[in-house]
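Protein chains: 2
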Amino acid sequence: MPTIHDVAKHAGVTPTTVSRVLNNRGYISDKTRKKVYSSMEHLNYQPNEIARSLKNKQSNIIGLIVPDVSHPFFAAFASQIEYYAYENGMKVLLCNSHLDPVKEKEYIDMMRGNRVDGIIMSSHTLETEQYQNVQSPIVTFDRQIGDIPYISSDNYMGGKLATELLIKQGCRKIAHICGNLQLNLLANERSKAFLDVVNVHNVEHIVIETDTNVFHNQEYQKMIRQLLADHPDLDGVFATSDIIAAYVIKECIELGIKVPEQIKVIGYDDVSIAPWITPSLTTIRQPIEDIGKLAIKLLSQQINKEEYVIKNQLDVELIERASTL
Amino acid sequence: MPTIHDVAKHAGVTPTTVSRVLNNRGYISDKTRKKVYSSMEHLNYQPNEIARSLKNKQSNIIGLIVPDVSHPFFAAFASQIEYYAYENGMKVLLCNSHLDPVKEKEYIDMMRGNRVDGIIMSSHTLETEQYQNVQSPIVTFDRQIGDIPYISSDNYMGGKLATELLIKQGCRKIAHICGNLQLNLLANERSKAFLDVVNVHNVEHIVIETDTNVFHNQEYQKMIRQLLADHPDLDGVFATSDIIAAYVIKECIELGIKVPEQIKVIGYDDVSIAPWITPSLTTIRQPIEDIGKLAIKLLSQQINKEEYVIKNQLDVELIERASTL
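So the protein sequences, as listed, match chains E and F.
Sequential numbering of the first sequence, starting at 1, is according to full-length UniProt numbering.
Sequential numbering of the second sequence, starting at 1, is according to full-length UniProt numbering.
Keep in mind that the hints are not guaranteed to be accurate.
When chains are identical, the list treats them as one kind, so a pair holds in a single copy or across two.
As the list claims (entries may be wrong) - In silico lysine-lysine, DSSO-like type, Cα no more than 30 Å apart, as pairs: (1) Lys-9 / Lys-173; (2) Lys-293 / Lys-103; (3) Lys-293 / Lys-34; (4) Lys-168 / Lys-192; (5) Lys-105 / Lys-297; (6) Lys-105 / Lys-258; (7) Lys-258 / Lys-293.
Read the hints as simulated data drawn from the structure, not as lab findings.
Predicted model, so just to flag it, every value in this text is computed and none were measured.
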């Protein structure tokens, strides 16, 4: 177990300086601060005095890491997190990671520096090692990283419900548009369920992986247009988000393809836009309010050294609207 | 000018305790902290030592107050603010005020306590007095409060462009759906422009004010359904947000009213949903990226004691799509 002296030696500073960095007292140059943090990280140093007096030193600020809050799902997620954090006397520091691991790391460093009490992480970054060595309160959404408690909705059930509905409604050639399956997201279970169901029913199918960072509109449009051109006999689409489903419907309308008569479309999330789309969008609802509430609960339990559950899976719900009639 | 001793006397604590609260050092109970803040506020105390050493004591955290980040416009706004804040080495504390003045006040108190360096305020709260006595960095969006620097897009021009387009396209009876005009929002200029233009052109018109806190879907639907029932000869709608315009289009479709053939619809903001709606939505674009960048610039200028401009008005742009053809 490394001590404050080991850190000081490694960083080439005095133990007093390390202590100052830890307690955020007195003037410390950014350069020194970084050096100390870097040594702490290298040695995986856990400052005991901070752990012991955590309750008194709480900042009552938590970090929330999302890919981009301008995405409707994460906007709703952030809104719920802030709501329940506030109810528990905590404030929320917002980080749009834009899949930038360096940016995420700064928030982890803030946690080490005791400037945030914990982190709720809902990012799609590839690098997750940096989270694993942090013995501080973290909750992830849709990511399973080591022993860190996580929340997900029942993605397999969501994928199953969506695919079975399309088949029940008569679809015989279904495209599934999903995220990058290389990323170890729990949302990948939706795609697994899709494949299981189409294979059981022996239904022709196509799987299209979108790029990691495709929150950009033109990319979606191009990809969907290509899909519709390549497969004129397509009669069903299961998209992994309502946003992608909205683009599918829009492209269909522009190409004169009737939804739901020619192609039935189902989305995922049930974000606020789903009912505005014409035809209104059938989707799988994630219980975003329960997710927000539970994330705060899991974080509080860790901060207060209470017991908590590691695996937290919430139910999804099929919301049938006009796009699959 | 009140001193630390006046504050201590008023709060019934020692000057050392006031100093501890100010510097966020040592253990202070929540009760004492609140008492000290309350006395500081009552006496309008400005701690000199903090003002003098602001640069060293910066938290590099700014507060962002929005009505609700789950609204697409404010989601995009928050995303831009966070982007430019990060570029300037600052992190963003997110507050959904939900029009709760008590909640907003806590952020102002954090600023007094030096826990945030400044606030970007884009709320619709009725009470604005509490902002006026704070001699700390604040930037408002679409609110003009005393001498606090503010940003708005050219709301009058936006309202003018929208109304003139509807008239040019042949509308002879136009409804304008706007926010609560009792609130002293700069967005009210859109409604002023609407009235000026319809009066110049002698066009029949209706103005509908939505309630302060109507971000709720059912309310919009009911209100629009009533409007369409009361005025079967309506042929144009200028809504003060894309969300409201989306609801107008949705209700029209459900009632068998053709957009744009029977009723032309124009929204405001150009949030991400505008192009997904069918027919795609004509709107007035607010330059959200420039707004976010400028807000951070104005805040940084204040934090760094540089000169800044109080009135900042940015240009809007008419984006013509299918809903007004």
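Tell me, in ascending order, the numbers of any earlier hints that this structure violates. Violated hints (numbers, rising): 1, 6, 7; every other hint is consistent with the structure.
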